[in-house]
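> Quick mapping for you: the protein sequence lines, in order, are chains E and P.
Under full-length UniProt numbering, residue 527 is the last one in the first sequence; the count climbs by one each step, no gaps.
Under full-length UniProt numbering, residue 547 is the last one in the second sequence; the count climbs by one each step, no gaps.
What the hints contain is simulated information worked out from the structure, not anything from laboratory work.
Mixed in with the good hints there might be a few duds.
Claimed, not checked - Below, simulated EDC-like cross-link-like pairs (lysine to aspartate or glutamate); rule was C-alpha separation at most 16 Å, straight line: (1) P/Lys62 with P/Asp38; (2) E/Lys500 with E/Asp455; (3) P/Lys432 with E/Asp163; (4) E/Lys500 with E/Asp474; (5) E/Lys235 with P/Asp38; (6) P/Lys270 with P/Asp285; (7) E/Lys231 with P/Asp428; (8) E/Lys416 with E/Asp455; (9) P/Lys270 with P/Glu227.
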Amino acid sequence: MKRRDFLKYTAPATILPTFINGFAVKAFGSSSLLSALENAAADNDHVLVMIQLVGGNDGLNMVVPIDLYDKYQAIRPNIAIPQGKLLPLVNNVKTGLHPAMSGVQQLYEEGKVCIIQSVGYPSPNYSHFRATDIWVSGSDANEIVETGWGGRFLDTQYPGYPDGYPNDDNPDPLAIQIGSIVSPAFQGANANTGIAISSATDFYNLLDDVVDPVPNTHAGVELAYVRLIAKQTNKFSDSIKKAAQNVTSQSEYPDTQLGRQLKIVARLVAGGLKTRMYMVSMGFFDTHASQTQGGDNTTGYHAELLKELSEGIKAFMDDLTKLKASRRVVGMTFSEFGRRIKSNSSMGTDHGAAAPMIVFGDYVQQGILGTSPDIPDSGSVADNTPMQYDFRSVYASLLEQWFCVDNTTLQSILFKDYQRLPIVSGIACGTITGIDDVNNGSKGLITNYPNPFVDTTTLKYKTRGGHTMIQIFDTMGRLVGVPVNNMMAGGEYTAVFDSKKLAAGIYYARLQNGVYQEVRSMLKVKV
Amino acid sequence: MDRRQFLSLSAKRQPAVKATTTGSRTDSGISAYTGTFDTAQAVHLLKRTMFGATPEDIAWVKGLGLDQAVEALLTTVTPVTTQPVNIYGEDEHGILPGESWVNSPPPSSDDEDGKRWNSYKAWWIGVMINQGRSIQEKMTLFWHNHFVTEMDMTHDSRYIYKYNTTLRANAVGNFKTLTKAITLDPAMLRYLNGYLNSKAGADENYARELHELFTVGKGPDSHYTEEDVRATARVLTGFRINANTITTYFESTEHDIENKEFSDFYSNKKITGKTGQDGATELDDLLTIIFAQPECAKFIVRKLYRWFVYYLIDDAVEANVITPLADIFRNNNYELLPVLRALFKSEHFFDPLNMSALIKSPIDHNVGLVREFGVTFPTAYMDAYDAWDRIRSHAASMLQDIGEPPQVAGWQPYYQEPQYHEMWINTDTLPKRNQFTDAIVSEGGYGGVAIDVMAFAQRLSNPSDPVQLITDSVAVLYRIDVSDTFKAWLKNTILLSGQNPDSDYYWTDAWNAWAAYPTDTALRTVVESRLRTLYKYMMNLSEYQLS
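Could you put the whole structure together from the sequences, leaning on the hints where they help?
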């Protein structure tokens, strides 16, 4: 579909209520027992803004490996971005950004962007629906979790919600979805903790007390009546209105779907709303075909999407800075999956696995975590980017370093103790610690011999001590073995990887030790 | 006035009927509707005559066509084979749990009787949910709102049960017959003190309501007098209840045998006082006098109109709908079927300007929801009663408690100007509607029952096609038109989770993947969670409140 058709498919403002009572589920179940935990949230006014890139973003064309440029160019020649057009990143020669992303490049230069390479999870799902559910719930690939990771976090901070909310201490929504359907990411144990602001039009209608038009019939009269009452019953409309009215002027935003959404978020944050999490989204990343325009791979519809993303983020941060609210905000992008390494013949890419995430904000630590993704020499269309970081490690890091969540709570939210990455400055939670040089520390940790191998190969690895894990993935991202998963003393060790039952091909050995990780590519051959 | 003058004046006189709403009004009347009869008309007919419209009901009506469908809906009698049972445990008369109490000896106290209230109400909800394809249950509730009794004033659930069966038995019969039956009904005699009415000092309670609320009403053209009320009270002296047999008998020694005279509103008629058991037949004389007054037909027709069509009766509706229907009513000796037939086959009923404007009552909302979604109820009676009771009590919290209308005039939304039906919706009750729909469509359900969104979708024409799925869902759940743009938006945003609008195959693939392995939890969850979101969202929109 053409991008200009986009508007045809957005929600008509006339039909949508201003808010959906996403908080109504089981609102009368008595669940206030948890109230023992008192307003832990009140002492932290940090906000997380999530930008969902719906459809599966082609990370490899967004964050391009300059150090592997020849391999990159060879495996996707019909859509590769010319090397000379890539936007360089300060103090980093290995990585370039898509030419449409000058806004993010500039923020990176200002020290406000962290890019995390190859974020995924073991045995990834290639269905949009299931993969999205995994990302928003924070579940394992083979596990069904009904609550969302954001909802579980907010449950720990606002026990008993929605019973007794809003109240004097917490007059504001806990989470806001810009869009009509509150993301399952905000589903808590008792209720969805998010409320929806269905569209920009509706947001401004709320401020101006505009009522949507109805047909000129008896039914129209009654519909207008019910809508009026619906508006009045929204528990949060007053606090949202009040916050919005505190901001009387905003900077310029691009007139795009994302720009309009982020403009609302900035206004509410700067207006003093205490809402902790926001979700905005943009679609059309499902670029099976024509993601670049023939003749000039820097243009085309993926380029337009990345431009909208980058310009939106830049305008948002500039506006927040002017409004003196930027220090309260960290933003992150995510998509249900990346795309295949090798392009297809229709100048597109099919559903893939791991992909980079962009985290931005004043307190974000500049840098690129991880290495350029491994690209096979003679790749097949089935090849996928092996994961370097689990997406729940990113969640864990943000919860710990931005929302100042303690370790016990963290594990109750994410069910496991995930690796933490240095994404947000320790100043944010007042816990400044020595920052490890993660990337340099992640070199030369693991090798294997022989390589190529037939049946078995020996993994030789180093650990600094503590929890050490080696996961083996195939090119589909499937977890085929975990030969090491232990608390260990520092030192050098070996382990044997036995591949007798596995087909020939590329395998990845991923070593994880504290904040460090390294992915080693191994080749199994037939006798 | 010469002809020239007449013509020049007539222009000014033209707008005889003025619209009293900001919305459109229509001049359509009761001529037979001959326009399109498709899904929208079928759903309209079903939602107004029954509680909700299931996909199968809709197909059935479309198959029959308008005339036959109306005939079937009006004349089908669905016998109720159950009776309310003991769900409260210990019973003073030894009624065992699970056994019917409707023929037990009288309760010894209000407390003993009170144990049975929830049983009766839950049973009735169950009857509504299990209704056949018939107007019977909507009419039974109509008559409960018309000939009101309240359990907490009657204090005998056995009477109330009998009253309920009387309403149902006469639901679409003869209004005069029903009025007589209700006048002699033990529950009504108790509720409005008829059982105490004696010649020594006539009790006017029932007599007043018989005129004011039950027959001629108090419209602008209703001019019954206080003398009429007193005369009526004297006619009705002597009726007593046998609490053991739950029947009414006539105690002639308590009857006022003097003559009773009526005002010119009732054509100055006179009832000659009768002695002995003949005194009881004065009731027939009384009803003949009252039912000769044309206001009686008009009053009931207006009430039917507000129940089945819309609350607003402007001059055009009065002239084009109420008056001709009232004529039919009177000319047919107060038989209900001819009136209902004419109404449900009329141009006015299917006029797009009149459709979709009815705000669902709480009972219509709750019972209609579980019927439309085909919610299944437990078979164990305690569990079933528990679920029915939760649905009933939630409707009660939204202002409609069956068995307990707030007063003898019935529920305010059916008579209180100027808001009428809008009174069902306020800042307290609307969130409660949302809470109910949110809960029952969620995995945990409500009161032990839940909507099976998968089963519902499977009953639609082609659930693997997301466009068709939305179209079918909208047709069943909404009555007010929504645009194609909105339907596309629902499909894209929810069923496709925001994926490209032209990638419908993602939904189709997901549906088919589950259909191939229906026991696979992961495959089911992918589809089910999106359907839950879809239906939750649709029921949260204001459009869902309109029928």
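> Run every hint past the structure and note whether it holds.
Results for each hint:
no., hint, result
1, P/Lys62 with P/Asp38, "holds (7 Å)"
2, E/Lys500 with E/Asp455, "holds (5 Å)"
3, P/Lys432 with E/Asp163, "holds (14 Å)"
4, E/Lys500 with E/Asp474, "holds (14 Å)"
5, E/Lys235 with P/Asp38, "violated (41 Å)"
6, P/Lys270 with P/Asp285, "holds (9 Å)"
7, E/Lys231 with P/Asp428, "holds (12 Å)"
8, E/Lys416 with E/Asp455, "violated (33 Å)"
9, P/Lys270 with P/Glu227, "holds (12 Å)"
Consistency with the previously given hints fails for numbers 5, 8, ordered from lowest to highest.
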